[in-house]
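Student: All letters in the sequence shown, in the order written, are residues 0 to 247 by numbering that gives the first Met the number 0.
It is worth saying that the hints were derived from the structure and are not from the lab.
The beta carbon of each residue, even a glycine, is placed where N, CA and C say it ideally should be.
Take the hints with a grain of salt, since some may be wrong.
Said to hold, decoys possible - Here are the simulated DSSO-like pairs of lysine-lysine, each with C-alpha atoms no more than 30 Å apart in a straight line:
{"#": "1", "residue 1": "K44", "residue 2": "K108"}
{"#": "2", "residue 1": "K125", "residue 2": "K108"}
{"#": "3", "residue 1": "K186", "residue 2": "K125"}
{"#": "4", "residue 1": "K70", "residue 2": "K139"}
{"#": "5", "residue 1": "K44", "residue 2": "K70"}
{"#": "6", "residue 1": "K142", "residue 2": "K125"}
{"#": "7", "residue 1": "K139", "residue 2": "K125"}
{"#": "8", "residue 1": "K44", "residue 2": "K142"}
{"#": "9", "residue 1": "K204", "residue 2": "K186"}
{"#": "10", "residue 1": "K186", "residue 2": "K44"}
{"#": "11", "residue 1": "K139", "residue 2": "K44"}
{"#": "12", "residue 1": "K108", "residue 2": "K186"}
Said to hold, decoys possible - So the derived label-pair ranges between C-beta atoms look like this:
{"#": "13", "residue 1": "K44", "residue 2": "H151", "range": "55 to 63 Å"}
{"#": "14", "residue 1": "K44", "residue 2": "F240", "range": "41 to 49 Å"}
{"#": "15", "residue 1": "V183", "residue 2": "A147", "range": "35 to 43 Å"}
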Amino acid sequence: MTDTTSRTSESTSQQNNPAQPGKKRESLWGNLLINIIIPTLILSKLSGEDYLGTRLALVVALAFPLIYGLKDLLVKREFNAFSALGAVSILLTGGISLLELDPQYIAIKEAAIPGLIGLATVLSMKTRFPLVRTFLYNDKVLKTDLIAERLHSADNSAAFDRALRNASYLVAASFFLSSFLNYVLAKWLLVSPPGTEAFNAELGKMTALSFPVIALPATVVMAGALMYLFRRIRQLTGLDFEEVINAN
0 MTDTTSRTSE
10 STSQQNNPAQ
20 PGKKRESLWG
30 NLLINIIIPT
40 LILSKLSGED
50 YLGTRLALVV
60 ALAFPLIYGL
70 KDLLVKREFN
80 AFSALGAVSI
90 LLTGGISLLE
100 LDPQYIAIKE
110 AAIPGLIGLA
120 TVLSMKTRFP
130 LVRTFLYNDK
140 VLKTDLIAER
150 LHSADNSAAF
160 DRALRNASYL
170 VAASFFLSSF
180 LNYVLAKWLL
190 VSPPGTEAFN
200 AELGKMTALS
210 FPVIALPATV
220 VMAGALMYLF
230 RRIRQLTGLD
240 FEEVINAN
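Build the full structure now, drawing on both the sequences and the hints.
Tutor: In structure tokens, the structure reads:
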């Protein structure tokens, strides 16, 4: 239900992106509260007819992560691809649930979005703009000009291109892992017909488990890709971590 993939990618970026002047960092706990905790409580505790009912509870629960995901565009006035994907994912979940379609479509949707990002990461390696530069190797995180200068002077540019390619496979692997875990979790939990209180409770449980079961393993793989890239930068340029990290 939640935009777990987008939040995984955004949190990884925040962990490795130093604070910038005038730019407020998002709170991890606020992120978890709005995207996971509040929707879970609404779906599991307020779906009964004595409270919101199944349909209204679903709409209210979905509204929290949806509005949070859209704030980059509406409040910050900047387009964030991951927030957009998260919003699309939430709208699809809401549409499938409100139309009372087979829950397998939610499982397919949950797997498709991170799977497509992983595939795009691999395919982008053959273009001038590989996605690994968006996720890991960019001037918001690293002093890319300094790194490029040292690579050129040491004649290690080709070796670094190979390192970026390997990092791309690791990044793609994190999304493929998320895709697999999303599908397994949805198929395992969503067994009741949509439009029922039981289905809402299952959707709430899936939301609650999405962070420990999906986001954490995928983030570990993504962090592994970043550590690999830092190690190769040090080996190929002679620069230490403190020298290449962008603190401006």
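Student: State for each hint whether it applies.
Tutor: A quick look at each hint next to the structure:
no.	hint	in the structure
1	K44 to K108	holds, 25 Å
2	K125 to K108	holds, 27 Å
3	K186 to K125	violated, 34 Å
4	K70 to K139	holds, 21 Å
5	K44 to K70	holds, 27 Å
6	K142 to K125	holds, 24 Å
7	K139 to K125	holds, 23 Å
8	K44 to K142	violated, 49 Å
9	K204 to K186	holds, 12 Å
10	K186 to K44	holds, 22 Å
11	K139 to K44	violated, 42 Å
12	K108 to K186	holds, 11 Å
13	K44 to H151: 55 to 63 Å	holds, 59 Å
14	K44 to F240: 41 to 49 Å	holds, 46 Å
15	V183 to A147: 35 to 43 Å	holds, 41 Å
The structure shown violates the earlier hints numbered 3, 8, 11.
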